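A.B. asks: Residue numbers (the working numbering): 76 to 177.
Careful: at least some of the hints might be erroneous.
What the hints assert, rightly or not - When the alpha-carbon atoms are kept at most 30 Å apart in a straight line, the in silico DSBU-like pairs for lysine-lysine are as follows:
1. Lys172 <-> Lys123
2. Lys160 <-> Lys148
3. Lys123 <-> Lys148
Unchecked claim - Pair ranges (Cβ atoms, derived):
4. Gly101 <-> Asp153: 34 to 42 Å
5. Gly101 <-> Gly135: 18 to 26 Å
6. Leu128 <-> Asn176: 42 to 50 Å
7. Val78 <-> Asp153: 22 to 30 Å
To be clear, the hints were calculated from the coordinates, so they are not data collected in a lab.
Since the structure is predicted, the reported quantities are computational estimates derived from the model, not experimental observations.
Where is the CB? At the ideal position from N, CA and C, for every residue including glycine.
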Amino acid sequence: MAVSTVMGNAGRGCTWVALHNGGGVGFGEAINCGFGLVLDGSQEAHDKALNILSWDVMNGVSRRSWAGNQYAKQTIQDIMQNNNKVCVTLPNEVDDKLIDNL
């Protein structure tokens, strides 16, 4: 997920991006990403900030939705209903009884 996020941020015009090890769990145990964006008061910087922050935050919300968080799933559905540029694959849920019977 970090690779997808950092590449999306780079393509949307971040001033810099970083892809690195760590995250508090130990070197080599996780991949994290970060970005920086110079906000100079211009309309271009404003537009980039809206685009980049939407992408970055929605990646995290999507991941939580796929992990089963109902609030995240509802957030994704609400945003997709109001913004036709957002298209996220929603998780397919299975009834616990079906799993228990396997």
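A.B. asks: Could you run down the list of hints and mark each one as holding or not?
C.D. replies: Structure-based check of all given hints:
1. Lys172 <-> Lys123: Outside the cut-off at roughly 46 Å; violated.
2. Lys160 <-> Lys148: Holds: Lys160 and Lys148 sit about 17 Å apart, inside 30 Å.
3. Lys123 <-> Lys148: 26 Å, holds
4. Gly101 <-> Asp153: 34 to 42 Å: 37 Å, holds
5. Gly101 <-> Gly135: 18 to 26 Å: Holds, since Gly101 and Gly135 (Cβ atoms, about 22 Å apart) stay within the stated range.
6. Leu128 <-> Asn176: 42 to 50 Å: 44 Å, holds
7. Val78 <-> Asp153: 22 to 30 Å: 27 Å Cβ-Cβ, so the 22 to 30 Å window holds.
Violated hint for the displayed structure: number 1, the only one.
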